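Protein chains: 2
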Amino acid sequence: MEVIRSNFKDNLSKVCEAIEEADFLAIDGEFSGISDGPSVSALTNGFDTPEERYQKLKKHSMDFLLFQFGLCTFKYDHTEEKYIMKSFNFYIFPKPFNRSSPDVKFVCQSSSIDFLANQGFDFNKVFRNGIPYLNQEEERQLREQYDEKRSQANGAGSLSYISPNTTKCPVTIPEDQKKFIEKVVEQIEELLKNEENESLELEPCTGSVSEFKERYIVISKVDDEERKRREQQKQAKEQEELNDAVGFSRVVHAIANSGKLVIGHNMLLDVMHTIHQFYCPLPDNLVKLTLLCFNILNSYFVSRLLDTKLMASTQPFKEIINNTSLAELEKRLKEIPFSPPKVESAEGFPSYDTSSEQLHEAGYDAYITGLCFISMANFLGSFLSPPKNHVSARSKLIEPFFNKLFLMRVMDIPYLNLEGPDLQPKRDHVLHVTFPKEWKTSDLYQLFSAFGNIQVSWIDDTSAFVSLSQPEQVQIAVNTSRYAESYRIQTYAEYVEKKHEEKQAKRKCTEDSWKEMERKRLKTQCTPYVSQSRYYCVNSFTGTSTVGKRSMSPIQEETGSDDMEEGEDPEYNQTDSCAEPLPDSKKRAKKFKKIKKEQVPAGSFTSSSNEIFEVPETW
Amino acid sequence: MEVIRSNFKDNLSKVCEAIEEADFLAIDGEFSGISDGPSVSALTNGFDTPEERYQKLKKHSMDFLLFQFGLCTFKYDHTEEKYIMKSFNFYIFPKPFNRSSPDVKFVCQSSSIDFLANQGFDFNKVFRNGIPYLNQEEERQLREQYDEKRSQANGAGSLSYISPNTTKCPVTIPEDQKKFIEKVVEQIEELLKNEENESLELEPCTGSVSEFKERYIVISKVDDEERKRREQQKQAKEQEELNDAVGFSRVVHAIANSGKLVIGHNMLLDVMHTIHQFYCPLPDNLVKLTLLCFNILNSYFVSRLLDTKLMASTQPFKEIINNTSLAELEKRLKEIPFSPPKVESAEGFPSYDTSSEQLHEAGYDAYITGLCFISMANFLGSFLSPPKNHVSARSKLIEPFFNKLFLMRVMDIPYLNLEGPDLQPKRDHVLHVTFPKEWKTSDLYQLFSAFGNIQVSWIDDTSAFVSLSQPEQVQIAVNTSRYAESYRIQTYAEYVEKKHEEKQAKRKCTEDSWKEMERKRLKTQCTPYVSQSRYYCVNSFTGTSTVGKRSMSPIQEETGSDDMEEGEDPEYNQTDSCAEPLPDSKKRAKKFKKIKKEQVPAGSFTSSSNEIFEVPETW
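Those sequence lines, one after another, are chains A and B. The first sequence begins at 1 in full-length UniProt numbering and counts up one residue at a time. The second sequence begins at 1 in full-length UniProt numbering and counts up one residue at a time.
I should point out that these hints are in silico values taken from the structure, not numbers from a laboratory. Source: prediction; values computed, not measured. Where is the CB? At the ideal position from N, CA and C, for every residue including glycine. There's no promise every hint is true.
Unchecked claim - Taking lysine-lysine and the DSS-like style, the derived pairs with C-alpha atoms no more than 30 Å apart in a straight line are:
hint : chain 1 : residue 1 : chain 2 : residue 2
1    : A       : K183      : A       : K221
2    : B       : K59       : A       : K58
3    : B       : K59       : A       : K56
4    : A       : K234      : B       : K440
5    : B       : K498      : A       : K125
6    : B       : K149      : A       : K59
7    : A       : K498      : A       : K440
8    : B       : K56       : A       : K59
9    : A       : K149      : B       : K440
10   : A       : K59       : B       : K58
11   : B       : K59       : B       : K14
12   : A       : K58       : B       : K58
13   : A       : K440      : A       : K426
14   : A       : K59       : B       : K437
15   : A       : K9        : A       : K237
16   : A       : K149      : B       : K498
17   : A       : K437      : B       : K499
18   : A       : K193      : A       : K179
19   : A       : K331      : A       : K82
20   : B       : K334      : B       : K56
21   : B       : K437      : B       : K388
22   : B       : K178      : B       : K9
23   : A       : K331      : A       : K396
24   : A       : K75       : A       : K14
25   : A       : K440      : B       : K234
26   : B       : K82       : B       : K334
27   : B       : K178      : A       : K440
28   : B       : K58       : A       : K56
29   : B       : K149      : A       : K440
30   : A       : K426      : A       : K288
31   : B       : K56       : B       : K499
32   : A       : K388      : A       : K75
33   : A       : K178      : B       : K440
34   : A       : K58       : B       : K56
35   : B       : K228      : B       : K9
As the list claims (entries may be wrong) - Some residues of chain A that are not near chain B, with every Cβ distance over 12 Å (derived):
hint : residue
36   : D36
37   : D63
38   : L191
39   : K193
40   : I219
Kindly produce the complete structure, drawing on both the sequences and the hints.
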């Protein structure tokens, strides 16, 4: 269902109802751009830490507009053994609400716009009929404006001659207008004296040249009761205006407050944009983001995010799924050993035809994402004894995937963890190299020609990470470079150490934030659901090979793009790395305790298995 | 005529022909926004100097996209005594040309987008079918890329195994692909040996999972002649690709190179955007802008810009034209004492109906601007003896209006002069006030309540210009504020002095630029046209009152908007000021000599009057 400004109000209750009744929700966003800064390859360095990636996206991607939001709700019908889905495709545009409302500026990236144009994206619909929105601060300010106006109208007195939001002040009446004003004063005095007349229409006072429609002031005499009635009418109207201005943000609030599982595909940018556009500016660092997410998502229940791209890249899927781009994933999941999910659109909702539909319409992408989730979740059920055909969104089987957002093009860190400190793989085969800005990749290949296959991850014009195939080679490379003049080589550990030193002051603040996080955690345990701390690390997966700490899988080469520019996907080879927290992060990790997991309500899940699937901390 | 990407190439010669044959051109641009920074009121302070205004627009307005460009060419038919016009409405979009071409990011301002959306602006046409463009530097780079590619293909040798623009390098062939590669080598050797076979189709080498259309390499044996023929073909194709990429910039070059009079309405932003988008980043200061304009516009002839908003705001028009917004101006100029111009659209070109057409379509706005110019120019002819009905674009009567761009909402400086130093009115009734950021306009009225009517021009949150009605009050105000703690008052002269001190270093550079300007001027005098220095300052206008140095006119309150946001037009009252260059600017002015004016070709103009109309330096 297409939702635009003109039909938003009529359909809002339908949207909220769909959210409330759903077993899970799938979302997707379309943006006016991806990266406003360095090239995508610099934006997504293969050795970014989650914190670094977050900082880059925050800095270079938040000025774009999320202008289409797809929401697809899925509700399982146990009798018919199928899902009933309702799909909504919202067009979003920050149409200024009034003169004093925020005049949002947003950036467009030509390549993204061109890409969407080629998909038939309807920009006219966005700009002419997009649903407005306010973030929380803007909503608060607008509410205050109304309150102030009301208190002024209720006779705050001395200031009430100033129209709100103008810089007008009392002026001396110009000579040529004195006669007009005097006449008005006379007329009003007449009205007050005369008991018969109830109202008075003043002459229009716009100049004769004007082409405006004639507007004039009507002065009415009213009693107290009538006055109150009119005031209440006005207040109701103002409340409606306020609701209209908050607009699409109400849908986002409904999603957050529902406590439902929210599915996305490669959803980090979607989550960041949603917070940034409809809640508040993104916090300084990942720890604070986590805090904020729990603030938003935990407001009523414990909410969870699940990224289907991460799920598809993880055991037991990664061995049987070659390409995790949304389009390819959807196709793959229709084939053996998976089964296409049974999903029907609800009555009155249009259905999508997956064989012909265009990707990159947010509503459709959300729908496909939901299908992928169902197929993968159900596949997990086949490992139970006895096997299950249907695995619900409340099943423990999928809990290991909660709140872990896929990290695009990071070689050895699979996800950004919203429930703990950054994963810190041991990068003992990685070098940090600085060199003159004239150097190209071929110069680096030249330099390291003695070491066999290497991988280059550009940081900027004059530096890059170079990963060697053997950690033992690292010290040799550093030693041989000792007297080099044009370039400098250091180990990854040395590089990190230096960066840490620079950020000493900053870290103090971060630790404090973790403490606050802990405090928050203790507080939220008082929700209606009984909580229990658990930690998924046992690797008792049956049917495929055991996943060890050192097991790796390459980042897939993709034909489609999941919100990053197409075709720029570098072809990473298998890398050798090992996830052991660095000394410093160990301390942080120690302080951190797992956020509680929601316990499954009795009866909805019968398996006795407890800790089955592991999401590893490295690829 | 609507010109989009798909019909641009077919119509380019038509566009160039129209420019070449025209007597004058009218242009207009539509942008994705106006001001990306402070509020419009801060962007257009009533006491901005031209330099300050330029800096503000440069800083806060250039990140927007000029995405519709209107061009209307007017050619006078002496036999029929009417103009023949050709109107073009170009949709512009920086569609990335290839992987390595610039990926332009531009800002959209919701209020501007919303305004255009309400006018029925077709965003889909812009984004799906806008004509691309390159600025001069980008064009140069692309040309270099092609040259490099060519020289590589011509056997530069050792590097030719590297595909251009990739970071690929020779790699060790993986074990599982060795067989495939060996087979290819064998096949090629076979082809070279065998005289019968002319070409060889290699097997596709994409993996089996791929959904790509099958692509494969064909190896052909060719002799030297065939090789050359193919190379020439390729070069011609590359040249065409290059032309396509330069795209709309070719139209702008044609306009600049034509040397024709270019008309615009409130055209400062149009001129700035045109330079910024299709030539090069805007220069640091106004002097350098002037230099650049003369560089661009003078490349073949002496070109001239004329701003109809400035013209309509100046004698002899300002007394009889109340509202200089484009829509109102067009209406006014149909009435006595003006006469509607006789203009017909050329064969094959659609005509506009001014009574029903939508404003803010760039092609239409350009057309209307041209109509306004013709009416006003012809009106000037009525003051000649004998009077003339038709005043051509080459007439001396309009020369006083050349290269002076209207300054929106500046109280006492009418225009930005592209032919000389900033106008510097004496602002001896103006105070500069700093105060706590909580202050509102009413606090300032309060503070100056003893001085009668004042005018407040906000600079930022904590400072404003306040103009008093009497210059004599200025010192009193400064004196009484001496011991104030929360605010500070200084005279305008003191304020300027302090700013000058801060910019001491910078100014040196500006003076050097003026010297270069002078050098340039001497050089351009070698053009085919005989030049003559003249200076319009005699005020011998007949028929209306004499315009003295102290005569003022209020800035009109407008119903329409000329590229600034609607309705925010402050209602300026008549101000009292006097244009006398400040001590410092006198020195600069001394150094500066008038840029030559093009002498009118013999026979095209018969009036004996020489210096009739003056464009004053202050309102």
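How the hints compare with the structure:
At most 30 Å may separate the alpha-carbon atoms for a hinted pair to count; K183 of chain A and K221 of chain A meet this at roughly 19 Å. The hinted pair formed by K59 of chain B and K58 of chain A meets the criterion: a straight-line CA distance of about 23 Å does not exceed 30 Å. Between K59 of chain B and K56 of chain A the CA atoms are separated by roughly 25 Å; this keeps the pair inside 30 Å, and the hint holds. This hinted pair checks out: K234 of chain A and K440 of chain B have alpha carbons roughly 28 Å apart, not beyond 30 Å.
In summary, the hint linking K498 of chain B to K125 of chain A is not supported, as the alpha carbons are separated by about 51 Å, beyond the 30 Å threshold. Proximity of K149 of chain B to K59 of chain A is assessed by CA-CA distance (about 35 Å); at most 30 Å being required, the pair is judged violated. The suggested pairing of K498 of chain A with K440 of chain A holds, with an alpha-carbon distance near 25 Å, which does not exceed 30 Å. With a C-alpha separation of about 25 Å, the suggested pairing of K56 of chain B with K59 of chain A holds against the 30 Å cut-off.
Using a Cα cut-off of 30 Å, the hinted pair K149 of chain A and K440 of chain B holds, with the two alpha carbons roughly 17 Å apart. Note on K59 of chain A and K58 of chain B: the hinted pairing holds, with a Cα-Cα distance of about 23 Å set against a maximum of 30 Å. For the hint pairing K59 of chain B with K14 of chain B, the CA-to-CA distance comes to about 36 Å; that exceeds 30 Å, so the pair is violated. Distance check on the hinted pair: K58 of chain A and K58 of chain B sit about 26 Å apart at the alpha-carbon level, within 30 Å; holds.
Proposed proximity of K440 of chain A and K426 of chain A is supported: the alpha carbons are some 27 Å apart, at most 30 Å. Note on K59 of chain A and K437 of chain B: the hinted pairing holds, with a Cα-Cα distance of about 29 Å set against a maximum of 30 Å. Distance check on the hinted pair: K9 of chain A and K237 of chain A sit about 14 Å apart at the alpha-carbon level, within 30 Å; holds. In summary, the hint linking K149 of chain A to K498 of chain B is not supported, as the alpha carbons are separated by about 42 Å, beyond the 30 Å threshold.
Restraint check for K437 of chain A and K499 of chain B: the C-alpha separation of about 39 Å exceeds 30 Å, so the hint is violated. Using a Cα cut-off of 30 Å, the hinted pair K193 of chain A and K179 of chain A holds, with the two alpha carbons roughly 21 Å apart. Restraint check for K331 of chain A and K82 of chain A: satisfied, since their Cα atoms lie roughly 19 Å apart, inside the 30 Å limit. Proximity of K334 of chain B to K56 of chain B is assessed by CA-CA distance (about 36 Å); at most 30 Å being required, the pair is judged violated.
For the suggested pair K437 of chain B and K388 of chain B, the alpha carbons sit about 58 Å apart, so the restraint of at most 30 Å is broken. Restraint check for K178 of chain B and K9 of chain B: the C-alpha separation of about 48 Å exceeds 30 Å, so the hint is violated. This hinted pair checks out: K331 of chain A and K396 of chain A have alpha carbons roughly 26 Å apart, not beyond 30 Å. Distance hint between K75 of chain A and K14 of chain A is fulfilled; the C-alpha atoms sit about 14 Å from each other, no more than 30 Å.
For the hint linking K440 of chain A to K234 of chain B, the alpha-carbon distance of about 28 Å falls within 30 Å, and the restraint holds. A distance of roughly 16 Å separates the Cα atoms of K82 of chain B and K334 of chain B; the hinted pair therefore holds under the 30 Å criterion. Distance restraint check for K178 of chain B and K440 of chain A: the Cα-Cα separation of roughly 28 Å lies within the 30 Å cut-off, and the hinted pair is therefore satisfied. Of the supplied pair hints, the one linking K58 of chain B and K56 of chain A holds, its CA atoms being roughly 27 Å apart against a limit of 30 Å.
Taking the CA atoms of K149 of chain B and K440 of chain A, the gap is near 17 Å; set against the 30 Å cutoff, the hint holds. Our distance criterion of 30 Å between C-alpha atoms is met by K426 of chain A and K288 of chain A, whose separation comes to about 25 Å. Taking the CA atoms of K56 of chain B and K499 of chain B, the gap is near 16 Å; set against the 30 Å cutoff, the hint holds. Under the criterion of a C-alpha separation no larger than 30 Å, the hint pairing K388 of chain A with K75 of chain A is consistent with the structure, at around 18 Å.
The hinted pair formed by K178 of chain A and K440 of chain B meets the criterion: a straight-line CA distance of about 28 Å does not exceed 30 Å. Annotation: proposed proximity of K58 of chain A to K56 of chain B holds, straight-line Cα distance about 27 Å (limit 30 Å). Of the supplied pair hints, the one linking K228 of chain B and K9 of chain B holds, its CA atoms being roughly 28 Å apart against a limit of 30 Å. Listed as a non-interface residue, D36 of chain A fails to keep its Cβ farther than 12 Å from every Cβ of chain B; the least gap is roughly 5 Å.
Interface exclusion of D63 of chain A from chain B breaks down, the closest Cβ pair being 8 Å apart, not more than 12 Å. Distance check for L191 of chain A against chain B: the nearest CB is about 29 Å away, which clears 12 Å, and the non-interface claim stands. Once the 12 Å rule is applied to beta carbons, K193 of chain A is consistent with being away from chain B; the minimum gap is 33 Å. The Cβ of I219 of chain A lies farther than 12 Å from every Cβ of chain B, with a closest approach of about 25 Å, so its non-interface assignment holds.
When the structure is compared with the earlier hints, violations turn up for hints 5, 6, 11, 16, 17, 20, 21, 22, 36, 37 and for no others.
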